[in-house]
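A.B. asks: Line order of the protein sequences matches chains A, B and C.
Under full-length UniProt numbering, the first residue of the first sequence is numbered 1, with each subsequent residue one higher.
Under full-length UniProt numbering, the first residue of the second sequence is numbered 1, with each subsequent residue one higher.
Under full-length UniProt numbering, the first residue of the third sequence is numbered 1, with each subsequent residue one higher.
Hints are supplied without guarantee of correctness; some may be wrong.
Simulated DEER-style distance windows between Cβ atoms [claimed, not checked]:
no.	chain 1	residue 1	chain 2	residue 2	range
1	B	D53	C	A432	53 to 59 Å
2	C	Q793	A	S253	22 to 28 Å
3	C	R454	B	E122	28 to 34 Å
4	C	R279	A	L258	40 to 46 Å
5	A	E7	C	E198	54 to 60 Å
6	B	M1	A	G61	31 to 37 Å
7	B	D53	A	E7	22 to 28 Å
8	A	D150	C	V460	53 to 59 Å
9	A	S253	C	S456	33 to 39 Å
10	A	S225	C	G457	29 to 35 Å
11	C	R200	A	P235	45 to 51 Å
12	A	D257	C	G457	28 to 34 Å
Straight-line C-alpha distance at most 20 Å; calculated SDA-like pairs for lysine to any residue [claimed, not checked]:
no.	chain 1	residue 1	chain 2	residue 2
13	C	K436	C	P736
14	C	K411	C	D400
15	C	K19	C	S169
16	C	K19	B	Q89
17	A	K28	B	E18
18	C	K19	B	A79
19	C	K360	C	E94
20	A	K28	B	T42
21	C	K786	A	K28
22	C	K786	A	L258
23	C	K396	C	R407
24	C	K786	A	A45
25	C	K436	C	G482
26	C	K19	C	R497
27	C	K19	B	T42
28	C	K424	C	L742
29	C	K503	C	E518
30	B	K144	C	T26
31	B	K144	C	P678
Source of the hints: derived by calculation from the structure; they are not laboratory data.
These numbers come from a predicted model, not from an experiment.
Backbone N, C-alpha and C define an ideal beta-carbon position, used for all residues, glycine too.
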Amino acid sequence: MIPAAFEYFTPSTVDEAVALLRDQPDAKVLAGGQSLMPVLRLRLAAPETIVDIGRIGELQGVRDDGDALVIGAMTPHSTVQADPLVGEHARLVSLATATIADPQVRHRGTFGGSLAHADPAGDLPAVAVALDASFVIAGPDGRRTVAAADFFEGVFSTALAEDELLVEVRVPKYTGWGAHYEKFNRVAQQWSIVAVAAAVRLDGDSIAEARVGLTNMGSTPIRASAVEAALVGRPATPEAVREAAALAADGTSPVSDLNGDADYRRHLASVLTRRAVLSAAGTG
Amino acid sequence: MTRITVKVDGSSFTDEVEPRTLLVHYLREQLGKTGTVVGCDTSNCGSCTVHLDGRSVKSCSLFAVQADGHEVTTIEGLAANGQLHPMQQAFHENHALQCGYCTPGMIMQSLDLIADNPDPSEDDVRLGLEGNLCRCTGYQNIVKAVRAAAAAGGAQ
Amino acid sequence: MTTTEARPTAEVGNPRRRKEDARLVTGRTRWTDNIVLPGMLHLAMVRSPFAHARITAIDTEAARAATGVIAVLTGADIADEQGALPNAWAIVPEQKAPVHPSMAVDHVAFAGEIVAMVVARNAAEANDAADLIDVDYEELPPVLDLRQAATDSSLAHPDLGTNVSAVWSFDSASAGTGGDVEAAITAARDGGILIEKEIRQQRLIPAFMEPRSIVVDPTPEQMTVWSSTQVPHFVKIFIALVLGIPESKIRVIAPDVGGGFGGKLQFTPEEVLTVIAARRTGKPCKYSESRSESLMAAHHGRDQWQKLTLAATNDGDVTGLKVELIADMGAYLGLVTSAIPLLGAFMYNGIYKFPSYHLKCTNVFTNKTWTDAYRGAGRPEATFAIERLMDELAAKVGADALAIRERNWIKHEEFPFATVAGLKYDSGNYEAATAKARELFRYDELRAEQLKRRESGDPVQLGIGVSTYTEMCGLAPSRWLGSMGYVGGGWEHASIRMLPTGKVEVITGTSPHGQGHETAWSQIVADRLGVGFDDIEVLHGDTQVAPRGLDTYGSRSLAVGGMAVLAAADRVIEKAKPIAAQLLEANVDDLEFSGGRYGVRGTESGMTMAELAFAVFQGHKLDGSAEGCLDADATLDPEDFSFPHGTHLCAVEVDTETGATSIRSYVSVDDVGVVVNPMIVEGQVHGGLAQGIAQALFEEAVHDESGTLVSGSFVEYLVPSSADLPSFTTARTETPSTTNQLGVKGVGEAGTIASTPAVVNAIVDAVRHLGVSDVPMPCTPYRVWKALQEGAQS
Ligand SMILES: Cc1cc2nc3c(=O)[nH]c(=O)nc-3n(C[C@H](O)[C@H](O)[C@H](O)COP(=O)(O)OP(=O)(O)OC[C@H]3O[C@@H](n4cnc5c(N)ncnc54)[C@H](O)[C@@H]3O)c2cc1C
Ligand code: FES
Ligand code: FES
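Work the whole structure out from these sequences, hints included.
C.D. replies: Okay, structure coming up:
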């Protein structure tokens, strides 16, 4: 099918983009288009205005900003995945990004688009939450920063207002941490049925710090705080990790669908958490 | 209507397009490059894969206006002087196609794959083609073809 | 006379690279959707979102006024013109079916049924206008479950008065092909083994990669129709019959067709409506479906419920099989919808010698997309049933899965074998195929590893699945089809034209869409006529070029169509003989044909086919005693079916923590008789395996409780990619068929038929010791996990 007609704008700065979002009727941001395009083609949405942010230089690329990395919203997945800074300081991001969709989609789909899209089965939101990323948002009244924990509000719903643009994401550095993204799906190109993002810092043989995020275990990404707390100070052994991972489903409210009911997802959450943490710790 | 200039398979074209025109429809309908085909409406099948500035993309998942000022290579731009491209030759030699509908997309994605990884293992190839569906071949001969083309230095 | 050398090499048996590739790898293909004609208009369809409803009003005013719109048509507008879509197979004389309109007039019976169409200047405008059409529906309760449908508690078509289309049965005792099943069951109950099992063959979608597309050019002289179909000849006849256009004024062309798998073995509403639009507007019209439309509205496949009772002795000798099945027709009958279960009905005994067999099949209507042929068509269902049962029997007896099969199968020296289902198996050697598969698979080693993993309680368990199958192919002897209630025949036609420059045109009535007939038919003709492979051009898929034919499906092309080509070649040789005799000034009896040349026995003198063709073209030296033409036609009706077979072995690893299955190795040894092109055969096997494995693990068309197709895109309908499938080890044994000249059998469907039970048997085998004796298809991780939970409780 062919999308319904729309007005098309290509702003070259963030300010221009925000002004368009404010002034044009029923405007929608177009980033990599990998989620938006199917929606338009199936005519599940028919915005009157499309604001293509692909030509705004400021939104591109990864940069080092002291104790954090800054990833521009329009940075394609393929760039993030291969970026040496991300590999060194936020390996969890590289690993999770590599599991998204397929190579063609990763060439176009963007880091910011995935987060702004806020699909509960999307892979990057749980990573952002686990790593305490913060989101820089531009609006008509200037810029604001929102913590990952506050950014995701529900299924396809975020703290972004309709006239706001996600500009970049700051990810604190996790240099030297072990990381693993354990994604469970039925076919390679499929979205996560459940996935677990884990990063751990070892002190000798025991776990000094842990970050665990859950994908598709509720309407928003979930930080498995109980698991994190239970891991700290414990040895990175299968037994200890298994015990902590048993807490993974605490406080989650996963959906039931063709791929599994809520019970199955809860069960998966703890199995995958164990595997993710052990792999992250290098003992899996 | 928006005016765009796109270089496709080595030639430059300037055209008026509706912003809603998908790149694949622009290629097929306005430029007559029907070698690139459409197999789905959810960006899953990869039949429409072309190269945009040298990287593989699904041409059903961007608008022609987004390609303005960029360079596109399609399956029709590979063979030169009546000689099949080594990847096309490898698909032929290894019986990597039956109905051939997925083939243009497969070949374009395979080229992207070996550009990144000139010596892919079987698993590398299988994973690298995860975004391209084929209903006929069961993939085995496609994997074989891609590895054969890689071994023959087909990345150029 | 010239003394040209005869060509030595044999083409048949050669892995010739395909002729058709040249255009396909370069993108110079001729898909229907590529066609652009001057003044061409575009169609968009409005489809019912409801599974079952009455149409109370359609407002088309806004659409008619929209820019670029030439016409808007509703069912009421074309009610008198559209006729009804045909079903070609009444499996019982009293078969019931609702009228099947191309466009619903006042009642819709499945979600996706067409209720209106827009004809516009371009596709975008057609889509835009279609969005403006406002249809009022009064929803009716949908009938969605096939077993409930059989009870008639709620009706899919209230006017029909019942959901039951037909009940068909076969009984070996009354057919005289075997004993009484009930007696076997009673005996087994009293002191033997009785296995009762219910199996759900889920609904599948053929999902050919090229969505369907139709272009119609209505010139005053002729209605030219391009359609991405498997069956151009059928389409031509049915356009004539349904729309009242003289058959002689219709030309149907199937250009390059991007896969079919049975899914394009159909005469479709979209074809009728595009012809109507073209006829009404007098302009060329095009309709190309989107993938979502294709998944929703192109016919679906499988969807049966099987209740099986297998009786056996305590030693594992099968004494009888009783099958009760309900088949979901969906909302209407397509071309051969009603006969799909029948095509399986004769195969439930598989490769085994059963003394008694009974089958009862009930065809029912529901408010879902109509079903029809999908790769294997009836035979996968039958094979799955018997192969799952044989594994269950092995488990009950405590015997090895291969051993229990060997006990029951037909021995190679027993062919030809008359089966309990009334067929005559031509040839086979199950022992040889199984021995070869066993060795390639390292069966014993894997069994040892399996035991080890069981004993150590490994979270990842190993399972071995066996499937020894046969199938009937070469559809089909016309008299058999007639006796079964099919309106058409099963013959095939070919012509050969000997061109003056030594080139040869082969015209076939088969209509390939990926099977490589251009290559394989060239090989057959090259050998027979002794002309070069590259000197042969195979023409097909255009009713003006190949006026006679019955197209491609049912693994028939080689065994029937290929044999027609061979027969035509033989006629060419025959026709050339008196001419050669005359030109060589020899006695006909002194001529011998070999290597493409007629030679005079005992002399150097002779003429090649090319030389003869040129001499005939000139005609200078012909004395008129023989017709001056080498071209020949042949129509061939197959003598009988042929029965390929094989042994497939599959090893899976089941992660008992998540339920995930991964295929570790897969060996298939197929015996498809004599092979014309081993490369093409191997390709067919690979593709078939992928589709059969997909049924076992991935694919299912799921509807929600309102009858909406949930798996309506490739996001939910999981066609596996390269990353989801293993590589296969394929090998062959070769037992020639005895029902055709070349000894060939069919291969198009074998892989699909065999692999589904191999995979499911492997999964069950991996976790049987954990209390699991079945997993419904597709065996998703979730379902395997659930089965494990239930197994642990019991
Ligand atoms: C076949 C396929 C498989 C996929 N599989 C996965 C998967 O496994 N895991 C996964 O995580 N994702 C998957 N995706 C989605 C992919 O990651 C997309 O890239 C991503 O969801 C959206 O990014 P985008 O840049 O393409 O955004 P777009 O599609 O352009 O936009 C998505 C939404 O976000 C809004 N938006 C985008 N950028 C901004 C911004 N900077 N500020 C404000 N709003 C913005 C848009 O308005 C739109 O509503 C898949 C996609 C496809 C086609
Ligand atoms: S048509 Fe582009 S991915 Fe299917
Ligand atoms: S060759 Fe037919 S879809 Fe790949």
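A.B. asks: Compare the structure with the hints numbered earlier in the document and write down the numbers of the violated ones, lowest to highest.
C.D. replies: Hints 8, 15, 21, 24, 25, 27 are the ones this structure does not satisfy, whereas the remaining hints hold.
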